[in-house]
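Chains as they are written, first to last, in my numbering: chain A, -1 to 418; chain B, 19 to 292.
Hints should not be assumed to be uniformly reliable.
Unchecked claim - Not everything, but these chain A residues come out facing chain B in the computed CB check (under 8 Å): (1) Asp41; (2) Gly42; (3) Gly70; (4) Trp71; (5) Lys77; (6) Ile80; (7) Ile82; (8) Gly84; (9) Asp86; (10) Asp94; (11) Pro109; (12) Trp268.
Just so you know, the hints here were simulated from the structure itself, not pulled from any lab data. The structure displayed is predicted, hence computed values, not measured ones. All C-beta atoms in this analysis are idealised placements derived from N, C-alpha and C, irrespective of residue type, glycine included.
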Amino acid sequence: MKRRLTLISTLSVLCALLLGLVGPLGISAAQEQIQLTFWNYWDGKNGESIQALVDRYNEAHPEVHIENVYIGWGELLPKLQIAIAGGDTPDMAAADMAWMPLLANSGKLLPLTDLVASAAEPMDDFYPALLDVDTYGDVLYGLPVSTNNLELFINADLFTAAGLDPATPPTTWDELKEAAVACANPDAGVVGMELYTLPGEGLTWQFQVYLWQAGGDFLSEDLTSAAFNSEAGLKALNYWIDLIDSGAYSLSDWGLFGQGQSCMVMDGTWMVGIWADTLPFEWTTAPMPYPADGQPATNMGGEHMFIMAQDEARQQAAWDFMAWFTSPEIQTEWDMMTGFMPVRDAVATSEAYQTWIQDTEPRLQPFVAMQQYAHNRPPVEVYAELSDVFSGMLEQALYGQMSAQEALSAAEIAVNALLR
Amino acid sequence: MRKWFRPGHLLIHLTLLAGVSIMVIPYLWMVTLSLKPQELTYSPPYLFPNTFEWQNYAQAWQAASFSRYYWNSGLVTLGVTAGQIVLCSLAAYAFARLRFPGKEALFLLFLGTMMVPFHAILIPSYLIIQRLGWVDTYTAMILPRMFSAFGIFLMRQYYEGISTELDDAAMIDGCSRLGIWWRILLPLTGPGLATLGIFAFMFAWNEFLWPLVVINDPDMRTIQLGLAMFQGRYGTQWTLLMAGTVTATIPTILIFLFGQRWFIASIATTGLKG
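Isolated chain B (complex conformation) (with noise of 0.2 Å):
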């Protein structure tokens, strides 16, 4: 019979417990802030919602033209999400599967893009596509961002966990490199393109500095641009940026708890079986 209390688990769902309340609490915080009634912003704070003041969250809607702002996000981020999928996978077989000279060298290179803190390559960056003259476009959003080391890392790092032969065999049955890719390795890999479309996702849908740069014109900003505008010079509209926020971060939710169980699946090895 197996016991159902156990002091060590208690010990260990403690533990938990605390490390989930951690988790949560600003959350719930966010929650709050955004159902109170704005005359009681600068009043004593408390954890639990005791007021549902649904219309926050219109008039955040309304107070800029955050529909727009909400378009500009997905678009930039299906973009990004997309470009960085195929292009990352690609460079990564590349690397993982092909000979060509200098291939270490390159990837090392690569890496050490990681290292370089973004703020630093910041204004020439603006420089570059100031003068293709992209300032307030898509483009400019989305192109710079469809490529990253961490991607190519990471699918390499897929790839080399699924043994060659199975290369080997489609090749002799004529498969090309390319084919390889498509019908092998991406049902393969799974997992890891869902890891990296989550991170993609996350990063491009979060990202604040770079649109911030390279967008002037209101109607092009993005959704975490949009948020910025809640706190002015003379006092910051606290209710609303949180019903903002509440909203903005939605998205990001979702594709967590659909993406969650891609996070924990292991690397496939089921092709090897039987």
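The shape of chain A in the complex, shown without the other chains (with noise of 0.2 Å):
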């Protein structure tokens, strides 16, 4: 009797110690405060950034209290659709520009067109580019934070070994491939113009560029079917293919620059910073070269906001953050901050950031001065299947499996399968 009352004692600590584990812990008092969250990926210098701006508002605006809540790049969609699944979700976020069109369509997301419309000050000079990836059916669901854009990346030091001058970089793509092939050292390993080929959205917004700047289009103008089989996509691809035969570039994984071995790619404006710190070897850049006939084009990211909270108090507290936050005073602070390019032409003509880009990292010059061409990437919800198999035909064509037009019609019917 004894022994089985220890038994039971031990078993009951047991329970009792499990229990005492799983309490619950969230205790949340009782506050007339508005308790606002505010998910976003931004991490490092930008986590930092993002903190200081929101500590600053909720210290200007005590009867609001905003909660910055940082999760990975990997996780924040997943989470966002699941909240959006529970109906549990935070009253801002701040998402990948190329998320927008699915969670615009997830009907949680608050219009903005009115509040936009009769905001104190004019918002009417954020770039239509980036503010298209929030429209949907005229109604507008974001807006965008923070931007950036592909322009061509510099060795130097291979540069000027092979007898070129970094200070007049390739403007053209005859001049650009030519720069490459005699910058290019097979004995040693170098590439004279790295390009995205493996398959997947890497090379898929890579390879836009060249097919805009060729004068050509994605998708047509009302998303319905595919538009890159066309002359420019012959054209974009011919060039491609071209550099690998010409010996400018040869078929292997992406990350030769950044290990000195290859004397140009074209990359992202986030670069900047991250190689400033880290490679230990000269380096410049320059707007990327297009063809003598056709035209300036470079793609775009960034992060769009938007509000998802539920009720009207919430709804115009998050709203009144949101636009202390795009205005230009904050947004010109934010991108000097962060590095981030300027959303609106009212902080990207501004005095304060012109200077600021001369002084502190003149090579942001040649993204700014982009920025203007830059397209957006079709809003579309099946764009990550779409890109999947764009990517996969194109790199049958670099491959020499088929030729450019075989992956460029296989592709197309591939493309125009998924819009349907």
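Two chains, two frames, a set of hints: combine them into the complex.
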């Protein structure tokens, strides 16, 4: 009997221990202050910057408290989707622009059209190409809060060693190829111009730049069919194949420029900040060269902010913060803190911002100057799948398993099937 | 006299050595990366560490509230492991020893749940947790994980390997059902419990998706969620990520080292000797 008691008491102690461990922890004091949560994936320096701005806003507005919650880039979209499924969403979030079609169609995003129209200060100078990503059926569901684009990076040490002058970068496709061939050094494993040739969005969004530069488009204007199987598409793809055939690039993994194994690469604004601290060689930037008979173009990324708050008081409080965060003054400061690029003309052309660029990081200048030529990737829900099949077909052409025309035709059929 | 050299052995050892390198190289690679200066992350790779930047570890630890994440992971892992050991072995005892209607069907049903991929029930599970108001609690991370079909199956196999004569003898001496489980079966299935414990520990410690879904509060994050934070949209801090990963794998390696002999030990039959 006594032994049995020991057994039972041991078990109950174990159970108590477990229950104690699992006791609910979240205690929220009832306060009149409005509590808002703001999800985003800004980390490192960007994370510190948004936290500093949120802290400052909280201090100046005692009636609200915004909690800035960092969620990793890979985790934010699934977390938002689950939150939407459960109806328990954060009040605000900033997400990758590529996710906007999905999120906007969830029906949980607060329409901003009227709020923007009736804002105290005019908000009409956001870049239209950026707002396209937030607009569905004439309703605005978000605002851009940062952007970036792709331009040319040049390894000045390799350039000089090959007898080229990094101060006079190539400006046309012909000059780009010429410089790349001259600078490539196969014996040392150095390529002239690095291309992204692995299947995936990396290939698609790099190739789109060349496509737009050649005068083509990725999808038809009404976003219902593929438009890349055109003269321009063929010209762009043949240019890549020519870069490979001429020895300017040899097929390999991505990342050669960072290892000092490529003279040039087209990469994003954000790499300026990363490479400024990490690369052991001299490098510079230039606008991405385009065909003599083509047009300047680039691709863009960045984050867009939106409101998911449920009741009116919280929606208003969230909008107040959003209006403050997207205002020219705060955006100028934000861009200086993070190195992100302006989303509003008022910021890009402001003297404060221009002076800052010249003084601190002139290598950002080509990116800012070219932002006006930036296109956005087509805002369709199936974009990820579409990008996968497109890049898969292109890879076959780059590896010589299909002709350029065959690859584009095959990709057109596959993409149209996805869009149907 | 024993021959010290046999061609056959050489072949076996070469094969084993190849196997060992396949197992060890990723770990070595992780340690090497974790000890690299950050500016060399992009330079050509090498396998053996030749720089020792120990401050990567300090930096990784401070980059986020890692001590908090360790505490959370520790609590959750402990809760899940203890829960599985107690509940799975109790359930297994019922399935192995008791007679009740629908026993076989119920057991098959339990085994069947192993075939349902977790992703399929992710959203419904989250909705249940949310309606219960358990989002951002340890309960959400521990409770649904305290039982597993695998654990029940494993323990039932162990119990069935032990002769019922022992039960009968104990019952004649006046031992209760629970008493038989506690005094006879548990002590004889040490290796089984250890195996179950190790599996539960590894599973809970490495679990990513479920905590990701039920935890929003940064203070409630587990170590695996913390590690994912080093991978950003605009670049990954590889040296810090690897330093964090090395520290995160230490508990699992320790558990495995100490539990190894249990893994290898066979089912106890000592009770029937003599």
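Evaluation of the provided hints:
1. Asp41: 4 Å, holds
2. Gly42: 7 Å, holds
3. Gly70: 4 Å, holds
4. Trp71: 4 Å, holds
5. Lys77: At 7 Å from the nearest chain B Cβ, Lys77 (chain A) passes the 8 Å test, so the hint holds.
6. Ile80: Result: holds, 5 Å to nearest chain B Cβ.
7. Ile82: Violated, about 10 Å.
8. Gly84: Since chain B brings a Cβ to about 5 Å from Gly84 (chain A), closer than 8 Å, the hint holds.
9. Asp86: 6 Å, holds
10. Asp94: 7 Å, holds
11. Pro109: Constraint on Pro109 (chain A) not satisfied, violated at 25 Å.
12. Trp268: 4 Å, holds
The structure fails to meet hints 7 and 11 from the earlier list, while all remaining hints are met.
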